[in-house]
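Engineer: Residues 522 to 643 (my numbering) are what the sequence shown spells out, left to right.
Don't read these hints as lab results, they were simulated from the structure. A portion of the hints provided could be inaccurate.
Said to hold, decoys possible - DEER-style ranges, computed between Cβ atoms:
id, residue 1, residue 2, range
1, G563, P596, 30 to 40 Å
2, T624, S572, 15 to 25 Å
3, E608, E574, 17 to 27 Å
4, V551, P596, 15 to 25 Å
5, G612, T578, 16 to 26 Å
6, I616, E574, 28 to 38 Å
7, G618, P596, 31 to 41 Å
8, A631, L581, 26 to 36 Å
9, E632, D580, 16 to 26 Å
10, S555, Y628, 21 to 31 Å
11, E632, S552, 30 to 40 Å
12, R558, S606, 14 to 24 Å
13, D580, R558, 12 to 22 Å
14, V630, T578, 40 to 50 Å
Bear in mind the structure is a predicted one, so any value in this text is a computation, not a measurement. Glycine included, C-beta positions come from ideal geometry on N, C-alpha and C.
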Amino acid sequence: MLLAPHPAPATTVVPVVDTAPTGVAPARSVSLSSVARAATLGVQVYPSVASAEFRITGDLEGMHLAVTLVLTPSPENQRIKDEISTELIPGLEIILGASFARTTLDYSVAEPALAAVPAVAA
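Hey, can you work out the whole structure from these sequences and the hints?
Structural biologist: Below is the structure:
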């Protein structure tokens with residue numbers, strides 16, 4: 522004779538509740554210099570970026586973002602500036618959990634280096 526298995530124990534259904542806060546909590550353990558360094562490295566992947574520097578100063582209640590970007594002449598430069606303003610800066614604020622009280626954007630375009638002209642012997 523086969524013995525029937527024990528019936529399944531009674532289970533309790535627990536509803537899934539989103540425990541994430543509705544607002545963004547400040548990430549006090551995030552290093553401002555590390556976030557700035559990551560942003561700098563991220564922008565330097567563009568071929569027309571000759572140099573870039575992101576600096577974040579202050580505390581989470583009064584952060585200041587300063588961006589210095591030197592570009593070489595390129596049709597993609599406006600797109601890079603737009604991405605910094607509309608995507609990168611808001612993304613940094615999400616990572617940091619606070620908005621920048623002040624943002625300074627310093628963009629300049631460097632003249633392309635002139636190619637050396639080979640000397641011709643007369």
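Engineer: Run every hint past the structure and note whether it holds.
Structural biologist: Against the structure, the hints:
1. Range check, G563 to P596: about 21 Å between beta-carbon atoms, so the 30 to 40 Å window is missed.
2. The hint said 15 to 25 Å for the Cβ distance between T624 and S572, and at roughly 19 Å that hint holds.
3. Roughly 19 Å separates the CB atoms of E608 and E574, a value that falls within the hinted 17 to 27 Å.
4. The given range of 15 to 25 Å is broken by V551 and P596, whose C-beta atoms sit roughly 35 Å from each other.
5. Checking the proposed 16 to 26 Å range against G612 and T578 shows it holds: the Cβ atoms sit about 19 Å from each other.
6. Distance hint for I616 and E574: a CB-CB separation of about 18 Å, inconsistent with the stated range 28 to 38 Å.
7. G618 and P596 have their C-beta atoms about 36 Å apart, which keeps the hinted 31 to 41 Å range intact.
8. A hinted range of 26 to 36 Å holds for the C-beta pair A631 and L581, which are about 34 Å apart.
9. In this structure, E632 and D580 break the distance hint of 16 to 26 Å, their C-beta atoms being roughly 39 Å apart.
10. Taking the beta carbon of each, S555 and Y628 are about 24 Å apart, inside 21 to 31 Å as hinted.
11. Under the hint 30 to 40 Å, the C-beta atoms of E632 and S552, about 36 Å apart, fit the expected range.
12. Taken as a hint, the range 14 to 24 Å holds for the pair R558 and S606, whose Cβ atoms sit roughly 20 Å apart.
13. Between D580 and R558, the C-beta spacing of about 18 Å keeps the proposed range 12 to 22 Å intact.
14. The supplied range of 40 to 50 Å is broken by V630 and T578, whose beta-carbon atoms lie about 26 Å from each other.
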